[in-house]
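First to last, the sequence lines map onto chains A and B.
Here the first sequence stands for residues 0 to 221, numbered as in numbering that gives the first Met the number 0.
Here the second sequence stands for residues 0 to 241, numbered as in numbering that gives the first Met the number 0.
Any given hint could be a false lead.
Derived pair list, reagent style BS3-like, types lysine-lysine, alpha-carbon separation capped at 25 Å [stated by the list, open to error]: (1) B:Lys-135 to A:Lys-215; (2) A:Lys-132 to B:Lys-233; (3) A:Lys-118 to B:Lys-78.
Label pairs and their in silico Cβ distance ranges [what the hints assert, rightly or not]: (4) A:Lys-118 to B:Gly-173: 41 to 49 Å; (5) A:Tyr-71 to B:Leu-72: 49 to 57 Å; (6) B:Ser-165 to A:Pro-61: 49 to 57 Å; (7) B:Gly-211 to A:Lys-42: 46 to 54 Å; (8) B:Lys-135 to A:Lys-85: 53 to 61 Å.
Reference excerpt, derived from the structure (chain A facing chain B, CB under 7 Å, subset only) [to be verified]: (9) Ser-126; (10) Val-138; (11) Ala-163.
The hints are simulated quantities; they were obtained by calculation from the structure and are not laboratory data.
The C-beta atom is built at its ideal place from N, Cα and C for all residues, glycine as well.
Residue-level listing of the chains:
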Amino acid sequence: MELYWKGFLIACKGIPTTVWVSLVALTIGSLLGLLLALGSQGKNRILKGIIKVYIDVVRGTPMIVQALVFAYGIPQFLQANGIMFKWAYLVIPAVLCCGLNSAAYMAEVVRSGIQAVDKGQMEAARSLGMSKKMAMRLVIIPQAVKIILPAFCNEFVTLIKETAVLSYVGVIEILRRGALWNAQSFETFPAYIGVALAYMLLTIPLTKIIGRYEKKLKAQEA
Amino acid sequence: MAHMIEVKNLHKSFGAFEVLKGIDQSVDNHEVLVIIGPSGSGKSTMLRCINHLEEPTSGEVYLDGELITESNLDTVRTKMGMVFQQFNLFPHMTVLENCTVGPIKVKGESEEEAKDRALKMLKRVGLEEKAEAYPKSLSGGQQQRVAIARALTMEPEVMLFDEPTSALDPEMVGEVLDVMKALARDGMAMVVVTHEMGFAKEVADKVIFIDGGVVVEQGTPKDVIENPQEERTKNFLSSVLI
């Protein structure tokens with residue numbers, strides 16, 4: 000039993016890294032996701048095309064592959080072409096990769112949120128003389144945010160789990176902590192059970208909170 | 000002098016379906032124009048073309064003699080208040096904020112100035128005490144009166160009403176019509192799409208009957224509603240008056 004507890008405590012040391020990587024990625028993801036969503040609803044066809052390709056590429060490839068390309072592929076490519084480049088910290092490409100990945104998913108979430116706002120809202124705002132941009136900012140997006148908040152939090156939970164792949168590109172987060180201890184002690188089962196428990200410590204309370212918010216939202220509508 | 004609103008040869012198609020087939024109308028200051036017609040006749044589309052919520056396929060709309068175009072649209076809209084069938088209040092704002100967001104953000108007024116006028120307008124529709132409430136706590140009739148106050152706080156030159164009582168429970172229709180009647184008495188120019196023939200008779204300076212995308216008959220309420228000449232008008236009126 001003690002070994003499992005030890006494995007759990009060791010894995011927990013990775014929690015701060017996992018959490019802040021997820022938070023930064025979530026921030027990048029939601030801001031960029033919002034821009035992608037607005038762009039894909041706009042009139043510029045070239046921009047729309049680029050966004051579509053971006054989303055297809057990100058959603059059509061595993062994140063581990065994206066992470067490897069970012070962390071190791073890009074520096075190698077640049078060096079081979081005579082540009083001296085090396086990531087100062089491997090966590091930088093890791094966070095970027097998670098953020099850019101999340102953005103593609105958030106774009107869909109935001110887009111569906113915007114479309115779920117009654118179209119009479121845009122008409123009412125425009126009839127007061129608001130430009131489309133102003134109406135988006137003051138009327139549509141505040142309402143969309145409320146609609147997408149649960150999906151947004153779910154994306155955070157997903158990100159926390161997905162950042163595990165970053166242990167393959169040298170980020171010392173929860174999984175990496177456990178893997179390192181395993182390599183040293185050969186206590187494989189306690190190490191990875193500890194890792195699993197550490198993830199659950201984060202994801203289960205979050206999922207509970209989301210569930211409660213969704214219930215409240217439904218009660219308001221009724 | 001130019002008309003307050005002038006619509007010239009207005010056409011509107013949705014795909015291959017031509018909803019409006021050339022409408023010419025005008026509204027002068029202090030005048031109330033009521034548009035009646037069966038559903039699908041194009042009456043709401045005509046109203047929505049006036050402030051370009053639907054972009055006309057061809058034809059022109061003028062406000063005070065000024066042609067409405069893409070470039071002056073936002074400015075023109077500040078002079079035309081719009082009231083919708085479904086109210087369309089902003090649910091995340093209080094009643095007061097619903098009224099002041101336009102004046103503050105679009106016209107650049109100070110918060111105080113906008114608030115003062117909003118409260119006056121809310122008083123005018125009898126809902127001053129609901130200023131801090133959120134729309135969802137109000138009845139349909141109250142929400143529609145707030146929507147009218149919101150439009151009025153912009154100090155429009157003309158008010159457009161798109162079936163303002165159609166989504167209301169019967170017992171709430173009266174309170175909204177009363178507010179509209181008072182507005183008309185105060186000299187507000189209005190264009191109203193409605194099925195309320197009593198309101199049309201009492202308030203309208205001119206009634207037009209639209210069917211199949213054309214104006215079939217027009218004149219004073221007495222002419223059109225009480226003494227219609229066209230067969231289609233007669234049929235329509237006999238179906239709504241029962």
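Verification of the hints:
1. B:Lys-135 to A:Lys-215: Holds, at roughly 16 Å.
2. A:Lys-132 to B:Lys-233: 46 Å, violated
3. A:Lys-118 to B:Lys-78: This hinted pair holds, its Cα atoms lying about 22 Å apart.
4. A:Lys-118 to B:Gly-173: 41 to 49 Å: Roughly 29 Å apart at Cβ, these two residues miss the hinted range, so it is violated.
5. A:Tyr-71 to B:Leu-72: 49 to 57 Å: Holds: the Cβ-Cβ distance is about 53 Å, inside 49 to 57 Å.
6. B:Ser-165 to A:Pro-61: 49 to 57 Å: 53 Å, holds
7. B:Gly-211 to A:Lys-42: 46 to 54 Å: 33 Å, violated
8. B:Lys-135 to A:Lys-85: 53 to 61 Å: 56 Å, holds
9. Ser-126: 4 Å, holds
10. Val-138: Val-138 of chain A check passes; min Cβ-Cβ to chain B is 6 Å, inside 7 Å.
11. Ala-163: 37 Å, violated
Checked against the numbered hints given earlier, this structure breaks hints 2, 4, 7, 11; the rest are met.
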